[in-house]
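J.: The residues making up each chain are set out below.
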Amino acid sequence: MTVSATIRRQRLTPLWLLLPALAVLVPMFAYPLYQLGLLSLFEYGQPQVSGGEPARFVGVGNFRALFDDPTFWTVLGQTVVFAAGCVVVTLAVGAALAVLLTRIGPLARAVLSFAALTAWAAPAMTGSVVWAFLFDSNLGLVNEVLGLGGYNWFYDRSVAFALVGAVVVWHSFPFVMITLYAGIQAVPTSVREAAALDGASALTTFRRIIAPILRPLIIIVVIQSIIWDFKVFTQIYVMTGCGGIAGQNLVLNVYAYQKAFASSQYGLGSAIGIVMTVILLVVTLLYLRALRRTGEAL
Amino acid sequence: MTRRRIADAAAIAVAVVTVFPIYWMVLSALKPTGEIRSADPRPWTLHPTLEHFSSALGVSGFGRYFLNSAVVALTVVALSALISFLAAVALTRYRFRTRTTLLVLFLVAQMVPVEALSIPLFFQIRDLGRTVPGVGLNTLGSLVLVQLAFSLPFAIWMLRGFVAAVPQEIEEAATLDGAGRFTILWRILFPLVAPGLAATGVFSFITAWNDFLFARTFIISTTENQTLPAALLVFFKPDENDWGGIMAASTLMTIPVLVFFVFVRHRLVSGLGGAVKD
Chain X
1 MTVSATIRRQ RLTPLWLLLP ALAVLVPMFA YPLYQLGLLS LFEYGQPQVS
51 GGEPARFVGV GNFRALFDDP TFWTVLGQTV VFAAGCVVVT LAVGAALAVL
101 LTRIGPLARA VLSFAALTAW AAPAMTGSVV WAFLFDSNLG LVNEVLGLGG
151 YNWFYDRSVA FALVGAVVVW HSFPFVMITL YAGIQAVPTS VREAAALDGA
201 SALTTFRRII APILRPLIII VVIQSIIWDF KVFTQIYVMT GCGGIAGQNL
251 VLNVYAYQKA FASSQYGLGS AIGIVMTVIL LVVTLLYLRA LRRTGEAL
Chain U
1 MTRRRIADAA AIAVAVVTVF PIYWMVLSAL KPTGEIRSAD PRPWTLHPTL
51 EHFSSALGVS GFGRYFLNSA VVALTVVALS ALISFLAAVA LTRYRFRTRT
101 TLLVLFLVAQ MVPVEALSIP LFFQIRDLGR TVPGVGLNTL GSLVLVQLAF
151 SLPFAIWMLR GFVAAVPQEI EEAATLDGAG RFTILWRILF PLVAPGLAAT
201 GVFSFITAWN DFLFARTFII STTENQTLPA ALLVFFKPDE NDWGGIMAAS
251 TLMTIPVLVF FVFVRHRLVS GLGGAVKD
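Here the protein sequences line up with chains X and U, keeping their order.
The letter at position 134 of the first sequence is residue 134 when you use UniProt numbering, and the numbering goes up by one with no holes.
The letter at position 133 of the second sequence is residue 133 when you use UniProt numbering, and the numbering goes up by one with no holes.
Derived by calculation from the structure, the hints in this document are not laboratory data.
Beta carbons: idealized from backbone N, C-alpha and C, even for Gly.
There are no misleading hints in this set.
Computed beta-carbon distance windows for the label pairs:
1) Gly241/X - Ile188/U: 49 to 59 Å
2) Val282/X - Thr222/U: 36 to 46 Å
3) Trp44/U - Ala194/X: 40 to 50 Å
4) Tyr31/X - Arg265/U: 35 to 45 Å
Chain U side only, calculated, beta carbon under 8 Å to chain X, not exhaustive:
5) Val14
6) Ser84
7) Ala116
8) Ala149
Could you build all of it, start to finish, from the sequences and the hints given here?
T.: This is how it looks when you write it as structure tokens:
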């Protein structure tokens, strides 16, 4: 009998090693998730919070109210379009720059890596206020340089969404760039050199040679980006002042937060949370399938 | 050769655009108020001043918020490293029936929109505060608990690869030399996965340091327990913004993460490689 077999036979060891993690995750993660589901089935507002009235079970009532509300569908549509736009642009920029990184000198590479690192490191809150300052209608640099006078970038729905999207991309392309660059570096140099010798352009090399090899890695980066961009909160909340003029820049996350904490409809807010969770869980299943395909042993 | 030149120039142009908002933030923090309010903003300043920093730290109390953020983030990093290390060892070195289930659950947990959990957690933290002091609403403890829970699934998932990369023979040899399980865990395995701990530490630090939503939800009446991101919003008013002060506070908020990033940069990249395992 080997030593490791002896260790493995001590059955209780993994349990106490996992105990601290479970002691945090069960009460602070699993239980609140269960509570979220429960809350979504109740009418839970200000009278219930203060204890004046008992919580009233309404079954799928919150969901029905939500699905009957045209605002919900608008917000859902906006969330999907906004997240999809952010994902596509983030991946395009990240992938293009990852390829560019392989084709430049060490100095330029160091400069670009450092610049990306600063954008990555900047907290969402910092990024939001700095960009808001740059695009401020009165004192912003952009309006001064472009001579736009007092143009308000946050007045028009699509302009505001595009600007917030730019901040999201600015924050998240470095992750894609650095991860894909690490992946490309793992592709044998001979393959890349052969492509370069044949005079293949950066785009062709990426599409025809690197992308197929990196396919599993790309799938993971894609789904990770979908999950992040679907959950954007700070940038929208801060830059558009809690969701824009008359709530025209709401996404599901901010909408749920508003319903719950601003209008005390905690049950309805929880129902929105459940809808988000279901959508992201579907994405998770795709993610798991992608991982399976890379041969990751669970 | 020219092609390389063009590529280099393009990369540097992208770098300039990327870093510009950060440059503008630091510059505006150093500009005197008159220059910020000027209708002709210049990309440099001839009269750098620390007035915005001193007013942010002094009058606006950002020193206190900075300290709060640091306490929360560093506590989360330390606890998360410790707890995720133990869990990662359990999940890589032992075979037990619920192992696969747990791994899948940790992965799925990363996908849950934690923002939606702010609703039930608000009530839970409020009720918890009534029985356990130090973790209720308006406490830093509540933020530590929540951020710890949100950083653990990713930290465990990421560290697993680092623990698995340590050859089991090392532990077996140590056992033969008479080392106990505790010694193997802390004296041998823990130092060997240090690079992994650095990488997961960055992610835990960023999650905790950047948190705006939970700080805003939990710290409602005791403003001296506010953390930086939520405190910044208080000074961010749509009509009359003190941009110099906001930029100084933003700079203070960015520096620690940037320093952290630069120090663990290489470990971070190798950590990402280990996590995605191409």
